[in-house]
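Enquirer: Residues per chain, in single letters:
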Amino acid sequence: MIRRDVKVLVLAAFLLGVFLPISGVEVEGASRGDILVSRPLAEALDLAAGDPIRLARTRDGSDPWPYRIVGIYEPIPDPIKITRKRYEIRMHLQDLLDREQSSDGDEPSRYAQYINVGLVDPDRAGEVADQLNQDPFLYARPARGAGGDIDVFAVLERFHLAIAVIALMGSCAFLLALMVMRAEERRETAGILRILGVRRSRILGEVLVEGVLIAVPGALFGIVLAAAAQGSINRFFQWKYDTALVFVQITPLLAAKCLALSIPLGVVAGLAASWSILRQDPLSMVQR
Amino acid sequence: MTLAILAWRTLLRQPARAVLGVFGVAAVAALLFDMLLLAGGLATSFRDLLDSTGFDVRVTATEALPGMGPYLEGVRDLVADIDELDHVADVAAVALGTIAARGSEDQDAISLPIQGYLGTVRGGWKVLEGDDLPREPASSGTVVINRAAAEQLDLDPGDELLLGGLKIRDRWSAPPQRCRITGIVEFVFEQGHTPSAAMDLDTMEGLAGRKPDRAAFLMVSSAPASADIETVQAIRDRFPNLHAYSNAQYVQQFQAHDFSYFRQIAVVISTLTVFFTFLLLTALLTVSVNQRLGEVAGLRALGFRRRRIVAMLMWETAVTVVVGLVLAVAVGAALAVVLDGILHDMPGLPDRLHFFVYRHGVLVRFVGLILGTGLLSLVYPAWIAARLPIAATLRKEITT
Chain A
1 MIRRDVKVLV
11 LAAFLLGVFL
21 PISGVEVEGA
31 SRGDILVSRP
41 LAEALDLAAG
51 DPIRLARTRD
61 GSDPWPYRIV
71 GIYEPIPDPI
81 KITRKRYEIR
91 MHLQDLLDRE
101 QSSDGDEPSR
111 YAQYINVGLV
121 DPDRAGEVAD
131 QLNQDPFLYA
141 RPARGAGGDI
151 DVFAVLERFH
161 LAIAVIALMG
171 SCAFLLALMV
181 MRAEERRETA
191 GILRILGVRR
201 SRILGEVLVE
211 GVLIAVPGAL
221 FGIVLAAAAQ
231 GSINRFFQWK
241 YDTALVFVQI
251 TPLLAAKCLA
261 LSIPLGVVAG
271 LAASWSILRQ
281 DPLSMVQR
Chain B
1001 MTLAILAWRT
1011 LLRQPARAVL
1021 GVFGVAAVAA
1031 LLFDMLLLAG
1041 GLATSFRDLL
1051 DSTGFDVRVT
1061 ATEALPGMGP
1071 YLEGVRDLVA
1081 DIDELDHVAD
1091 VAAVALGTIA
1101 ARGSEDQDAI
1111 SLPIQGYLGT
1121 VRGGWKVLEG
1131 DDLPREPASS
1141 GTVVINRAAA
1151 EQLDLDPGDE
1161 LLLGGLKIRD
1171 RWSAPPQRCR
1181 ITGIVEFVFE
1191 QGHTPSAAMD
1201 LDTMEGLAGR
1211 KPDRAAFLMV
1221 SSAPASADIE
1231 TVQAIRDRFP
1241 NLHAYSNAQY
1251 VQQFQAHDFS
1261 YFRQIAVVIS
1271 TLTVFFTFLL
1281 LTALLTVSVN
1291 QRLGEVAGLR
1301 ALGFRRRRIV
1311 AMLMWETAVT
1321 VVVGLVLAVA
1331 VGAALAVVLD
1341 GILHDMPGLP
1351 DRLHFFVYRH
1361 GVLVRFVGLI
1371 LGTGLLSLVY
1381 PAWIAARLPI
1391 AATLRKEITT
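Chains as they are written, first to last, in the working numbering: chain A, 1 to 288; chain B, 1001 to 1400.
With the rest of the complex left out, here is chain B (with noise of 0.2 Å):
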């Protein structure tokens, strides 16, 4: 009979015992895996969103993140002089702001988060209905909004968007401007039911009465020859008091300060939850190699050697660490999604931004811990069974 037999029908000789164990380590390990998920997930998914765009690199007045921070000033000669640089490829220009929006005259307002965009190469929306913004200068008066926008004023692709204006009891006292909407879109960074609109910076400027020219942010795609590195060099060479950054350097200051929170959280977890597992495994197999030290003494005075004795407590607690282990990613992979859903209710999310995030080499880590704990955890145990006195135990087994 092999040790890995022998230990199997030792388990099964104690179903309950041996499926809480598995339970317990499943449940344990489940949350690791979860903390693993935890601690780069943020900053990969944020990395994604970005890259979704399809710019390569952020150009911004200061060093707030994209919106957070002052305008670009004289944005269209900014755009204009930057598409001019050999790495760069495209630039486009986003102004954000907020305006109240009615589906016809006699609808309550709503107030809409807006874009406006200026450059031919669309980013950070996805059609999902109707067409996009037309990229002739002449898209003017055309406006693409999200699903949540759409369904709150009850529009469609083709219909009218009333913006701006003020109603005071029931009259106008400044009459709405009015948009066509040529689609329905995904915003890139699309929060919960919250509606969205983009339009033409034109427009936008329209709709205001007056021209500011200027943009919250700048996003520039690389020309296919150029690394994002190069062309973000060439933007600070050539605009000093510009603050520019490929979207790696963005992640890498997302990952230090913004939200670093969950990263810090997700070690100390782990850490804990390493050395709970440790700590319950120890206490598990100890009790267990205490309760037969009878039949230990037994098999070694039939010449087992305590090399074997210590295999097959190894393979004792391996079919139960990697049973342990299946169960956990299969939970732990739930888990990550209920716990994902309760940090989303965070405000000011979008929605494509998630805290758990299988990344490559997730899973290698998660194993290797949770492996290298149940090895750590079998010392004790191993040492009690392989020093075990044999003649001695086996009439203590006797006499009581």
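Excised from the complex, chain A in its bound form (with noise of 0.2 Å):
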């Protein structure tokens, strides 16, 4: 504990956040003085609540100013700032201005990057907004459909199918010339029967059935290597980049759907394959 209270977190501009993204947030009821650490935060310098702790905005950590960490708290995981190290605390906004103010000695600028404003008519947002906007150097917008309609998670899942969906193209390229060579290997075979009476249909039907029996193992055996794979996966990518996000997750409904389309394309491709040697003449597939 000791060690923790002389432990001095160097902020190089403090209250402009360069070293550490600070944000100043006014919370009703809450002490002056406390505040939260990120966990990377956290776990980097061996921090807990309950710890005093000492900001500084110099290099050399002096004139610094006690604070007490009230709590931990997980950043909102985010892809695209996936390789950037969450070192991130939050502290009272009048904190903040008041260690501008005393660090400076001259008037606080009192900035702050925005405002949340409740209403007490919801319903007049758009009208509030519009009234705000009229100085350019303020943007209001109404909170409600502020993201847009297009959230970024859904454009990278878009992004991921379509890699998968030409993965799948090269792999069925792939799975034909594959059947078609086990076709070839079977064409005497399939001739004698063809000349013995077997009909195509009974040759495809075989054909199936075998189809069938590779494919299903084949795509459980995929399904179970994911869902088998993925924990460690995660728990690779988290560590890697340190975050909660989870990367791969193996749902009922993917594995259906990775079922409903692996097992009819495993079987189509033998199908195809066998399709293009029984059309031939019986004769010509014995080669006499």
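Do not rely on the hints blindly, as some may be mistaken.
With a cut-off of at most 20 Å between alpha-carbon atoms, the simulated SDA-like pairs for lysine to any residue come out as follows [said to hold, decoys possible]:
1) A:K85 to B:Q1253
2) A:K85 to B:Q1249
3) B:K1126 to B:L1349
4) A:K240 to B:Q1253
5) A:K85 to B:R1263
6) B:K1211 to A:L132
7) A:K240 to A:P40
8) B:K1396 to A:E184
9) B:K1126 to B:D1351
10) B:K1211 to A:A112
11) A:K257 to A:H160
12) A:K85 to A:F237
13) B:K1126 to B:R1147
14) B:K1396 to A:R187
15) B:K1211 to B:P1070
16) A:K240 to B:S1260
17) A:K257 to A:V212
18) A:K240 to B:Q1255
19) A:K85 to A:E74
20) A:K257 to A:F159
21) A:K240 to B:A1256
22) A:K85 to A:P40
Honestly, the hints are just simulated from the structure, not real lab data.
Could you use the hints to bring the two separately framed chains together as a complex?
Expert: Next comes the structure, spelled out in structure tokens:
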């Protein structure tokens, strides 16, 4: 505890958040001097809720101010900032402004990036925003729908889906090539069966059953493999990027989609390859 | 008959298999090509955007990207002071804001993002129609708008733009201010169909009815004899509280933090793609060799040496891979446009910022990776063909 007590966080530009992004928030009923620390920062400096901490704005840690950590929070995961170390703290806005005033000895700029406003009549949000927007140095907008219709995650999902489709096309081409080779291997056998009077549909039926018997365990194996690997993949990337983001998640719906896609593809590839052989003359198939 | 012709004829003997193999290589290699474009594409594109403004150094109040952090205060004095530094050729300050805009009094207002510009050398937009903002101080009251704003407000150069004001129940409680449009421009960081405008800082402050004398960031161009890094150092030395970065340093920061996700995913998918190509080519070649064991044994019995058999397989692989590569570049280029379009739906991205960008060396790296993978995938099937017991295989071929 003593060690933590003397630990000084060095903040080069304390008020502007150069080293650590600092958010000043006003919370009714909260005590001044209390701060929240992000989990990555708490882990890096071995901090815990209840610890006292001193913050300075210079690299040498001179003229520090005492604060108390009242909680550790998990920063909201953001795929765009995945490689950023989320070393962040949250403190009362007034603490931030007081600190600025005492350090500079000048009139503080009272700078804030944004202000959240609660309206008596929320339906008039647009009207209030218009009124504020008369000043071009201000930008007000109704909070509802402010995030826009498109979010980053939805775009990333579409991007990943497109990549999956391309990979699937490549796999299909290779699968078909392998199936054609397999059919070629059985050309003679199929020719003899045709000469003996076995109908094409019967042979294709056998290929179909065989395809299902191969495709179903194959697809299931793929899903089991993915499910088994997801924990390791998530742990690796969560460790690498120090984030709570979940990278891989095999849901029942996803597994069902994979089965619905891969089993018919496997079976159809087998049938298509066999049909290319079976439509030939039986004598040419046995090469006699 | 040369080995190349023999390999070519072997492939032609089973055209379906050969074509499917080529398509498989083309599809997977196209994905690899796109991932190589993605790996550094965003940084290259971002650098091009920064360079296209004509300024090589940015100055901000914090490490935050321009426009994302606090304002620079006392900007007029700051611009004058920086302009006096030896390494500096020109300085411009940019304030960012938003204001209600109309084409006429009876029109509904749109929210118009604006830039207040302070500086004699213009940067950050290109004039498409009409004229640029006048350079003399008398330019107050003039504005340039982009095509989206012109279309949404139905305005042309020479028309008046109504800015600000407040209209409640069809009556003006505060009248708008009128600015003359000098030209239609394209902004470097323009986003989709978002309307935008630029005006002198004085005009912007006039609209606000106050003079905050502040800007989001400064753009500095180095003197011809000075390197950007020297200008950065000169600004840092003179103003230790400011943050100056060259375009290259910004790109480095951008690459390390913002959007680094795409670099990471490109590396992961590239690795998987190479592995996938290796696995599939090995499977194809192995099955192919296994089907032709008798043929290989026959050639060996006729006096073909092991290395000629391996060379023949190499030619077969080379034909498949090279034809697949050529297709892959064409398919990959088309796919890159599609994937770039998907990612461009992300909110807040400039139109001219691209994720998939061709850079020097990408093609060489791509060809090297695919050819290397092709060679590696040849190892096992070549080993089978080379170690084949001739007599036993021929006997087996005859008896089955």
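Enquirer: Next step is simple, just say for each hint if it's right about the structure.
Expert: Against the structure, the hints:
1. A:K85 to B:Q1253: Judged against 20 Å, a Cα distance of about 13 Å means the pair holds.
2. A:K85 to B:Q1249: The hint holds at about 19 Å.
3. B:K1126 to B:L1349: holds, 18 Å
4. A:K240 to B:Q1253: Answer holds: K240 of chain A to Q1253 of chain B is near 19 Å, not above 20 Å.
5. A:K85 to B:R1263: Holds, at roughly 17 Å.
6. B:K1211 to A:L132: Answer holds: K1211 of chain B to L132 of chain A is near 17 Å, not above 20 Å.
7. A:K240 to A:P40: The given pair, whose Cα atoms are some 12 Å apart, holds under the 20 Å limit.
8. B:K1396 to A:E184: Holds: K1396 of chain B and E184 of chain A sit about 19 Å apart, inside 20 Å.
9. B:K1126 to B:D1351: Roughly 14 Å separates the two Cα atoms, so the pair holds.
10. B:K1211 to A:A112: holds, 18 Å
11. A:K257 to A:H160: holds, 15 Å
12. A:K85 to A:F237: Holds: K85 of chain A and F237 of chain A sit about 14 Å apart, inside 20 Å.
13. B:K1126 to B:R1147: holds, 11 Å
14. B:K1396 to A:R187: holds, 18 Å
15. B:K1211 to B:P1070: Holds, because 17 Å separates the two Cα atoms, which is no more than 20 Å.
16. A:K240 to B:S1260: The given pair, whose Cα atoms are some 13 Å apart, holds under the 20 Å limit.
17. A:K257 to A:V212: holds, 17 Å
18. A:K240 to B:Q1255: Distance of about 17 Å is within 20 Å: holds.
19. A:K85 to A:E74: Holds, at about 12 Å.
20. A:K257 to A:F159: Given that 20 Å is the threshold and the Cα spacing comes to 18 Å, the pair holds.
21. A:K240 to B:A1256: holds, 14 Å
22. A:K85 to A:P40: holds, 7 Å
Violated hints are absent here; each numbered hint is respected by the structure.
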